[in-house]
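Enquirer: Residue numbers (our numbering), protein chains in the order written: chain A, 10 to 84; chain B, 8 to 564.
Note that these hints are calculated values from the structure, not bench results. Treat the hints with care, as some may be off.
In silico BS3-like pairs for lysine-lysine, Cα to Cα no more than 30 Å straight-line [to be verified]:
# : chain 1 : residue 1 : chain 2 : residue 2
1 : B       : Lys482    : B       : Lys423
2 : B       : Lys185    : B       : Lys482
3 : A       : Lys17     : B       : Lys423
4 : B       : Lys146    : B       : Lys185
5 : B       : Lys104    : A       : Lys62
6 : B       : Lys104    : B       : Lys40
Because the structure is a prediction, the values reported are computed rather than measured.
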Amino acid sequence: MSLSTQRKSIYPLAEDDWNSIVARELSNLAPEDAVGQLQSWNLHVFMRPAAPKDSPRVGNPILPGDIIFLEAPLT
Amino acid sequence: MLDLIIKNGTVIDGSGMPGYRADLGIKDGRIVKIGRVAEEALEIVDATGKIVSPGFIDPHTHFDAQLLWDGCAKPVIEHGVTTIVPGNCSLSLAPLKAEHRMKLVGMFNQIEEMPYKAFEEGVEWNWETFDEFITRIKKGLMINVAPLVGHSVLRLWVMGNASMQRVATDAELVELQKLLSECLDAGAIGLSTSFVDMDETLQPVPSRYADMRELQALSEVLGEYGRILQIVPEFYDADLTIARIDQLADLSLSYGITTTFSPLFVNGDNLEGVNRTMTRVEEQAARGARVWPQVQTRPIDISFSFEVSSLLFFRLRTWYSILRFSNHEEVMAAFKDPDTRKALIAEATPMNPVWGSLILRQVKSEENQKYLGLSLSEIAEARGDGLVETMMDLSIEEELQAHFLSANLGHNNDTKVAELLNHPNVHIGASDGGAHILSFSTYGDTGYLLGHFVRDKRLLTLEQAIKKVTSDTAKIWGIADRGLLQTGYIADITVFDPKTVDRGDEYFVNDVPGDGFRYVRDANGVECVLIHGEIAFSANSGYTDSAKGQILSGQAS
């Protein structure tokens, strides 16, 4: 049994944010739309409660353990 | 002279083979004879008309704290369970430095709803290492314990507060590997991690700050020891769950480890997602990966009073923040304050179908006894008020001791759940035993399996159901000499009546240290439970003073 096609995803690198993932993985998308699209495919990350003000992760909700989708859900 | 004989029962040996009439002879904790046993014994158990099966194994529990004050993990043994796996979801109580104790208590309180006072009054903090913790819980242990070590706890030990901020450095990875090895040497059956849980400040637990290279480093150690990895995936989303299955499969194939994820729920709106998830599990199994989804038997229901926060209000921000971070007086004041009340009503009203079906199950006052057993819809109509208003007013009248039950919230499609329970790639588990003690009873899932799915609905055979919660579990977790009734195997045995076996009604009981309460269920139809050849519980005389429980570290297969 071969593996069926699934929604494309990556594990983020340690310091990844939306912009670095777009730059590395989504260079085919128009830059002005890419971050918004990436966020819309990853609402489980984008909608996450903000980090505390004293956290080094302020402003970046992406965690090293996350799954980040690089495309919309497959129909 | 044998120690004990179980006579005249129907033996269902855990292999999935049909049952047969036989006696079991037991000596020095092991099964020494199966058939017609004519020898004498110090003790006889008459199992006429009863099923004799291996003791059940519960692979997803959080009895870590309870084991410090209760070596029986009551009431699981009376449900036929002889082995439990605590330490799931990245949380164990060791290894734990003294300065991190309150942090871990906060996480246990948030994630597993274990009250702070239970830790304050039930726990003597006299360990730090995993080895010391094992030594601590071994005293008076009645039930077998196959403990996982939690990934969040390993990170806390090695990285301190940085564990909740960043990935590990190369040097810290080496320390994490070394620490995991020490825990496995001390008896841990494997490692647990979580990709969803949040701490007491609603921030991600430490395990979620680990990157793939950390998981690979820890899996390398697990592979050397042949031990298991348990994870909590983003179970609310099929695409995320499938991505986690792929991640687990890669780890399984790269390091030769068994992996399991829990939970996998069936809800009305995710049948297609469950089907896709299981297709992926099958595809990865065909590649040779070992990825076992855990499926619980019982439907989801939640009981609550407003004395403590409840999972049911997790998505209602105003409600949850009040219930989670306020004391009794502050919650009462919030419910009485007109402005706060207005905000709470507005936020909760979209969930009126849920509130309307709540059942009032317990009150203190005489005047509200007449509402017991009625739905909140019926009570609201009788009082001429709205649903949310009635819920708050009853709670004010009862000093927050009005208890409501929200039944059948999900995972209640019997046909689909049974299809999963029967599936050869599914592992029955995810009971969460010992956790969420103020929201629902996590005991009796095996009774529900045998009573509801096997006897009443006939959706599984008795042999298949028993195999799933005994030998299958033992094989997946690498628990040797248990899970089957065979000569030479350890005599962990459950004797039950197939006509009456079931979980009992849920009730609220005041038996938690710190004058605390919890929801529990008694068992129906379980006649006798043996652990390591000694009677630990019998329906006639209750718990004995046997203390034959062992730490089972395993070699996952």
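Enquirer: Which numbered hints turn out to be false for this structure?
Expert: 6
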